[in-house]
Amino acid sequence: MSMLLEVSGVSVSFDGFRAINNLSINFAPAELRAIIGPNGAGKTTFMDIVTGKTKPDSGTVIWGERNISLLGMSESQIARIGIGRKFQKPTVFEEQTVRQNLAMALKNPRGPFAVLMHRKTVANGQRIEEVAEEIGLTASLTRRAGELSHGQKQWLEIGMLLAQEPRLLLVDEPAAGMTVEEREKTTDILKRAAQTRAVVVVEHDMEFVRRLDCKVTVLHEGAVLAEGKLDSVTSNPKVIEVYLGRADA
Amino acid sequence: MNRTFTAQNPSVLWFLAALSLFTITVTLLSEATGVGLISTSFVKVLGKTLCLCLVALAMDVVWGYCGILSLGHFAFFGIGGYAVGMWLMYARTEGIVLESLSGQVIPSTPQEITDAIGNQIFGVVGSSEFPLIWGFADSLFLQLAMVVLIPGLLALVFGWLAFRSRVTGVYLSILTQAMTLALALYLFQNDSGLRGNNGLSGLQNIPGYENTPQSTISIVFFLASALALALGYLFFAWVVSGKMGSVVKGIRDNEARVRFLGYHVESYKLFIFTITAIVAGIAGALYYPQAGIINPGEIAPIASIYLAVWVAIGGRGRLYGAVIGAALVSLLSSWFTGGGAPNINMGFYTVRWTDWWLVLLGFSFVAVTLFFPKGIGGLFDYLVRKPR
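Residue numbers (my numbering), protein chains in the order written: chain A, 1 to 249; chain B, 1001 to 1388.
Just so you know, the hints here were simulated from the structure itself, not pulled from any lab data.
Fair warning: there could be bad hints in the mix.
In silico DSSO-like cross-links for lysine-lysine, where the CA-CA straight-line distance does not exceed 27 Å [what the hints assert, rightly or not]:
{"no.": "1", "chain 1": "A", "residue 1": "Lys215", "chain 2": "A", "residue 2": "Lys229"}
{"no.": "2", "chain 1": "A", "residue 1": "Lys89", "chain 2": "A", "residue 2": "Lys185"}
{"no.": "3", "chain 1": "A", "residue 1": "Lys53", "chain 2": "A", "residue 2": "Lys89"}
{"no.": "4", "chain 1": "B", "residue 1": "Lys1243", "chain 2": "A", "residue 2": "Lys107"}
{"no.": "5", "chain 1": "A", "residue 1": "Lys120", "chain 2": "A", "residue 2": "Lys53"}
{"no.": "6", "chain 1": "A", "residue 1": "Lys120", "chain 2": "A", "residue 2": "Lys89"}
{"no.": "7", "chain 1": "B", "residue 1": "Lys1243", "chain 2": "B", "residue 2": "Lys1374"}
{"no.": "8", "chain 1": "A", "residue 1": "Lys120", "chain 2": "B", "residue 2": "Lys1374"}
{"no.": "9", "chain 1": "A", "residue 1": "Lys185", "chain 2": "A", "residue 2": "Lys215"}
{"no.": "10", "chain 1": "B", "residue 1": "Lys1243", "chain 2": "A", "residue 2": "Lys53"}
{"no.": "11", "chain 1": "A", "residue 1": "Lys238", "chain 2": "B", "residue 2": "Lys1374"}
{"no.": "12", "chain 1": "A", "residue 1": "Lys107", "chain 2": "A", "residue 2": "Lys229"}
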């Protein structure tokens, strides 16, 4: 099966510190993947590179069937070709209603003049209803996003990603600060989304990763340390060493 | 106007109603109708205030809605004034020169006429040559096009350079202020081609209407200013409502998020920066014929800072807030500094408002920022409970 995103041999340094060190990692068109790793392993930097926020010093990032290089594209271009990103802290537009937040994210022309001339359509309205249903915010469509609970904001942001109709979703710590029930619901949303697209979840919380029940990639010092089922990577001696410190120390 | 537009912008109808009422009242009570309860000079003050409200609207859209604290929008206002002032001054001087030369036995050559006009206009800066930038000054149409084109192009080029380098926040404010200062300093030079610190004067005399009394001219400009303000309000209300408004406010609140949603943030900023600069230019073109004179001091950075203060006091992020702030503060300012407010004699010290007005304004600004961060316009939130 051809890959949706192929990251190969990518390195990036900040002031001499190698945040990403010859990293190679691939994602299939429809899969759920968890990326774990200790602090400073390069998880967020990896997302920054894929979404165009950070330019790597070397390596290639190749996207889709037509093998387009993502390097040299701006953040907004990368978002338009189908990569959505959710930040660690829920970032929704708090002054605006849930509906406005979703409407802004809907896959539609993104130029200033197209947006200025934009008219509400029935199709867009239905799409917003569908997404709201998916994230369980149907009853809150007319509320200001700032009034939502922490968990609801996280879902709204995931909903905005879904509305973008991306082929790859990068999700940074979606379960942080959530209650047990909220986590379950988040897991369901992500699993359903991963049926038709690639969903990559960066997470600290092992319990949440276990719930996702998917392939796991362990990052350490900017490179892939291990890959596979959660049980197999957690029994990997190298992973144990990184997480728990040296056994002989 | 469709129903959803007014539903989204309930302030539009209120504003248009209030403006119409105000305009009709002033017109009926002016000297132009013979009632004369409002003097011609006060009609001019009110007309100028309407122009200041229009430029404040532009400032509110670029700052209050899009989050770009531009300290250069009064420069665009001034450029609009200069553009229209060039035609006013040229055409009027041409009329005077032609009249004085008409008595001669030998008709003057076109070159002699041009020289005479140049001598009249540029004599004060020791020159009689027409600078290149006056090339279109004989055409009202082209100079009116300049009112739109020069602020628009300047904003487009400046904004493109600044936004593509991702200059934001206070750094962008400093950059816009530097642009304003550079423009003012350039205009202060005698060889700038715009009469240095003399500026352009006699702008209240409209060529072709020499026999029309100022009472009539003032009311025409007053009405034109009111119309421009009404159209500007409608235009900006349309821009900042709907999806465009969502994106623009999104840029203000979280630029990176908007970018990762796939919007090219720089294009949006450039669009807002440019259209507001154009509206500022139009406001200036209506203001200076009522003021009668424009000089480089008008463009000094402090003017653009006042503009930000008006919008902050009025309440940014709401269009009527900008109008209220600009009208209230500029009218109070001319009342205090124009000797309208009585001095307070405390025996050992006399408080002269011409000196103390700025202190009062400064305290008001601090008070509003501390106690009413939403400005005067925010008070309306207590009157109107927003329906869920």
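Check whether the Cα positions of B:Lys1243 and B:Lys1374 lie no farther apart than 27 Å. holds (23 Å)
Holds or violated: B:Lys1243 and A:Lys53, Cα atoms, limit 27 Å. Within the cut-off at roughly 25 Å; holds.
Are the Cα positions of A:Lys89 and A:Lys185 separated by 27 Å at most? holds (18 Å)
With the threshold set at 27 Å, check whether the alpha-carbon distance from A:Lys107 to A:Lys229 stays at or below it. Violated, at roughly 34 Å.
A:Lys120 and B:Lys1374: Cα distance at most 27 Å? Roughly 30 Å separates the two Cα atoms, so the pair is violated.
A:Lys215 and A:Lys229: Cα distance at most 27 Å? holds (5 Å)
Checking one constraint from the list: CA of A:Lys185 to CA of A:Lys215, max 27 Å. Satisfied? Status holds; Cα separation ~20 Å.
Does the alpha-carbon distance linking A:Lys53 and A:Lys89 stay inside the 27 Å limit? Roughly 17 Å between the alpha carbons, so the hint for A:Lys53 and A:Lys89 holds.
Holds or violated: A:Lys120 to A:Lys89, with C-alpha atoms at most 27 Å apart: violated (30 Å)
Please work out if A:Lys120 and A:Lys53 have their alpha carbons no farther apart than 27 Å. Violated - the C-alpha atoms of A:Lys53 and A:Lys120 are around 32 Å apart, more than 27 Å.
Below or equal to 27 Å on CA atoms is what counts here, so check A:Lys238 against B:Lys1374. Roughly 56 Å between the alpha carbons, so the hint for A:Lys238 and B:Lys1374 is violated.
Assess, step by step, whether the Cα of B:Lys1243 is no farther than 27 Å from the Cα of A:Lys107, and give holds or violated. Holds, at roughly 13 Å.
Hint compliance for this structure: hints 5, 6, 8, 11, 12 are not met, and every other hint is.
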